[in-house]
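**Q** The lines below spell out each chain.
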Amino acid sequence: MGTSVSALQHLQDAFTKLIGLSCLITTKDGETITHLSGSHKFTDLVMARENRKQRRSDALRSFNSISKPIFFDYEPGIKGILAPIKVDSVNKYFVWSGFFIDYGTRETVQRYVEQHIDSSFAWKKATEELPEIWSEEKRNKLQLIGTMCDIISNYLNVETFSDQHKNVDCIVNNILKELTTTKSSVRSILQRSLTYNKKLDFIGIAEKIDADLFSITNFQGLATEKLIGMEFTTGEGFLGSVIATGTGNVWKDALFDPRAAFFKDFEPKGLFCFPLIMDGETNGIFFGGSTLANISYDEIGSFSQKLSYILSIQVHQKQMRNSLNNQLMKLSMFNEIFQVMTTMQDIKKILFMLVDIGINVMEATYACALLKPKEGTTQATIVSRGMTSEEINHCGQAIVKRYFYVENGKMETASTTIESHSSDKKTLLLPICYQQDTIGCLAIGIQHQEKKKEYQSFLTNLTTAAGLSIAKQLSHTESDQMIQSLYVTLSQFEPTEYQNVKEEHDFIKEYSNNKGYSEAEMKLLLDSCCVKVIDDSIIEKIVTDTSIVSLIKEFKVHQRLNNSKSSEQEQIVLSEQSQILFLIWSYVKHNKNEKYIHTLTTVSATIKNDFRAFIAKRETTEQTIDLSTITNLQSEQLVESVNQQVSLSKREKEVLALVVQGLSNKDIALQLFISDHTVKNHLTNIFQKLQVSDRSQAIAKVYRLKQTSTGDGII
Amino acid sequence: MNDHHNNVPLQLECTLYFEKNPYAYETIEGLALRLGREPSDLSPIVQHLVSLDIIEALGEGDSAIYHYNQPKIASEVDLSWEQV
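If you read the protein sequences in the order shown, they are chains H and F.
The first sequence: position 144 = 147 (the working numbering), numbered continuously.
The second sequence: position 7 = 2 (the working numbering), numbered continuously.
No wet-lab data here; the hints were simulated from the structure.
A hint or two may mislead.
To give an idea of the chain F side of the interface with chain H (calculated C-beta under 10 Å), a few residues [as the list claims (entries may be wrong)]:
| # | residue |
| --- | --- |
| 1 | F13 |
| 2 | L30 |
| 3 | Q42 |
Capping the alpha-carbon separation at 30 Å, the derived lysine-lysine pairs in DSBU-like fashion look like this [to be verified]:
| # | chain 1 | residue 1 | chain 2 | residue 2 |
| --- | --- | --- | --- | --- |
| 4 | H | K180 | H | K44 |
| 5 | F | K15 | H | K518 |
| 6 | F | K67 | H | K611 |
| 7 | F | K15 | H | K404 |
| 8 | H | K598 | F | K15 |
| 9 | F | K67 | H | K404 |
| 10 | F | K67 | H | K454 |
| 11 | H | K272 | H | K352 |
| 12 | H | K127 | F | K15 |
| 13 | H | K456 | F | K67 |
| 14 | H | K272 | H | K89 |
| 15 | H | K512 | F | K15 |
| 16 | F | K67 | H | K428 |
| 17 | H | K598 | H | K544 |
| 18 | H | K518 | F | K67 |
| 19 | H | K229 | H | K321 |
| 20 | H | K31 | H | K272 |
| 21 | H | K89 | F | K15 |
| 22 | F | K67 | H | K375 |
| 23 | F | K67 | H | K455 |
| 24 | F | K15 | H | K692 |
| 25 | F | K67 | H | K333 |
| 26 | H | K598 | H | K505 |
| 27 | H | K656 | F | K15 |
| 28 | H | K456 | F | K15 |
| 29 | H | K56 | F | K15 |
| 30 | H | K592 | F | K15 |
| 31 | H | K255 | F | K15 |
| 32 | H | K333 | H | K309 |
| 33 | H | K351 | F | K67 |
| 34 | H | K475 | F | K15 |
| 35 | H | K377 | F | K15 |
Please read these numbers as outputs of a predicted model, since none were measured by experiment.
All C-beta atoms in this analysis are idealised placements derived from N, C-alpha and C, irrespective of residue type, glycine included.
Looking at chain H on its own, in the form it has when it is part of the complex (with noise of 0.2 Å):
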């Protein structure tokens, strides 16, 4: 109560001397607010007597609930009034003032308190100064005691008015203040509101979720979370009808209205809601109450009303915070959806991804796809979910009309709605376009208008996307096509070059699988392979793939320099790949004679290097030989075919012959009755010569010499 105790003091000690009556004011408990007025013989020894706030105590366990001013007996015959001070419609605090007796009653009342309560000098004079009252007069200290009261009561109404509204302006600065911080959210608006507003005990809010569907989506106090995620429609019970009308209501008495069985767990006395609104449109509901006493507009409007607005602000913030969120993921997946799309290499599947990254999106219970018939047929193959063969014709000849036939020599590609063939649904066309072309439709029905609004744009520019992968693929599909034709001719004219490139396509296979090459580049280095014979002008005319071409072209610039001997190859950068494929050519051609390659001029050392390894590791790996099988003599002739390019002496090649038999030093030193140490001096004298480190190594080295001299395969 604060500063206005002494006012009330004041007010008190005024009413005492018009009353004639000891006066004192206390709280429902019995405490005291107020210091006595009035002193009285009596009163001062009732004080003196006993704990007397618990005998206020007591007596306000039974009077608490009355509305006007009453006479009380403290004892028999003597009596008091007792008066409520209501504050906000609740008996908050009590005036108590005495005491008297009736007319006529004095001697009765002096036997009582003689015999029952004190029968001392002190307690008989007081008794005998109790002032006598008559009938009348007792209701006029009862009116001045309601008036006191009244007074009392809108004073002090006044004053929690203007604390609720310094409350209302303290709790809405600091929620503001938090709002432009990253820590305000719903709930801690919500949990702040209910610790500063005494007469609420639950508070929550309800989101839209669907065209007038709501969710509540936060709650506040009683224990009880079941409330959260409780759905209701636009006018359906309290809460609805705030979002049917758009203004705010308070309830009184709810629980006695059958639209409080919403509530479930607990029984709202005072209820009160209030819309989320943002620009025009409701967004949600506000909405609070008390399950103790009734709340009026007056206690909660202007609170719950600023309340709303701030918790719109932070509702629309979160939706938008979700919205930004959502569209970031939608971005990134949407590039990933394209980058999946502009890499796939396989038509049915691109037509798969359309038709369902359609029906997604859209929600739709139908779409289909289709590509546009190649000239002179009429017969195409369609993807589709949800259509029966009717509608799919139905569909198919509405696209064909609109996009396949060409009127005037102008391609339609824009996008349209047409009516379905069984239903009145619509559904909506988009253009497989690529170059001014149209090359197939997407055809996607129209469940809900406003995804058709919000996707429309994005399937625009996926089936462009899906144009240009669709035609890179069917370009592909020709140029192999051609190829191959190519390929297959040049057997019937060429065959010795057919069977030239059948192993150079050998060799560029496990040199690209080797070198850990992408499909692609496998692919572009074999389709080159193929036609690198056949004439300039021939290929540029036939073969569509440019990267085919330009590598054909560099492959000649190639086999040109290395002819001329010339200085030209300092100027002219040739890529790796058309390096190998002449590299390889080469190597075929030269009957795979290891020596050639140090000749290739346009070939750099690292690539050379590179190719020698490959071919080491690739003859090692292809040949296996079982040294039991070979005699003396095969041995001898081996070694004798090493000697022609490796100068060794008698005894080495005696010692090497053996080695390739498989012979142990042990076994080599008993056959040519020579020590063990001797086997060893001239095995590491053979390995000098042969290069190698070991003996495995020495009689590989053997079996890959001979096999170069003589251009023969494994014995």
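Given the coordinates of chain H, assemble chain F onto it according to the supplied hints.
**A** Okay, now just chain F, sitting in the frame of chain H:
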């Protein structure tokens, strides 16, 4: 609002997974592991994809297995487009 309404990206992510892996058979838990998502987030999405017929469910409840339901392919549909 933890349903499919608000999660088109996740819906597309699931669709893309099944399109890329047409022979995959996954439980919700398995799919969650592969996509690095929470099973509780995926469950409504997967149910929605089943309702759209994009994926098919074998079995019920937590042990249900989901796989890609390939769109219908109609080959050699006669469009007779030059007659239109």
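**Q** Decide, hint by hint, whether the structure agrees.
**A** Each hint tested on the structure:
no., hint, result
1, F13, "holds (9 Å)"
2, L30, "violated (12 Å)"
3, Q42, "violated (14 Å)"
4, H:K180 - H:K44, "violated (59 Å)"
5, F:K15 - H:K518, "holds (27 Å)"
6, F:K67 - H:K611, "violated (52 Å)"
7, F:K15 - H:K404, "violated (34 Å)"
8, H:K598 - F:K15, "violated (48 Å)"
9, F:K67 - H:K404, "holds (23 Å)"
10, F:K67 - H:K454, "holds (24 Å)"
11, H:K272 - H:K352, "violated (63 Å)"
12, H:K127 - F:K15, "violated (107 Å)"
13, H:K456 - F:K67, "holds (27 Å)"
14, H:K272 - H:K89, "holds (19 Å)"
15, H:K512 - F:K15, "holds (27 Å)"
16, F:K67 - H:K428, "holds (21 Å)"
17, H:K598 - H:K544, "violated (38 Å)"
18, H:K518 - F:K67, "violated (41 Å)"
19, H:K229 - H:K321, "holds (23 Å)"
20, H:K31 - H:K272, "holds (22 Å)"
21, H:K89 - F:K15, "violated (74 Å)"
22, F:K67 - H:K375, "holds (18 Å)"
23, F:K67 - H:K455, "holds (24 Å)"
24, F:K15 - H:K692, "violated (57 Å)"
25, F:K67 - H:K333, "holds (27 Å)"
26, H:K598 - H:K505, "holds (22 Å)"
27, H:K656 - F:K15, "violated (62 Å)"
28, H:K456 - F:K15, "holds (28 Å)"
29, H:K56 - F:K15, "violated (82 Å)"
30, H:K592 - F:K15, "violated (44 Å)"
31, H:K255 - F:K15, "violated (61 Å)"
32, H:K333 - H:K309, "violated (36 Å)"
33, H:K351 - F:K67, "holds (11 Å)"
34, H:K475 - F:K15, "holds (20 Å)"
35, H:K377 - F:K15, "holds (28 Å)"
When each numbered hint is compared with the structure, violations occur for hints 2, 3, 4, 6, 7, 8, 11, 12, 17, 18, 21, 24, 27, 29, 30, 31, 32.
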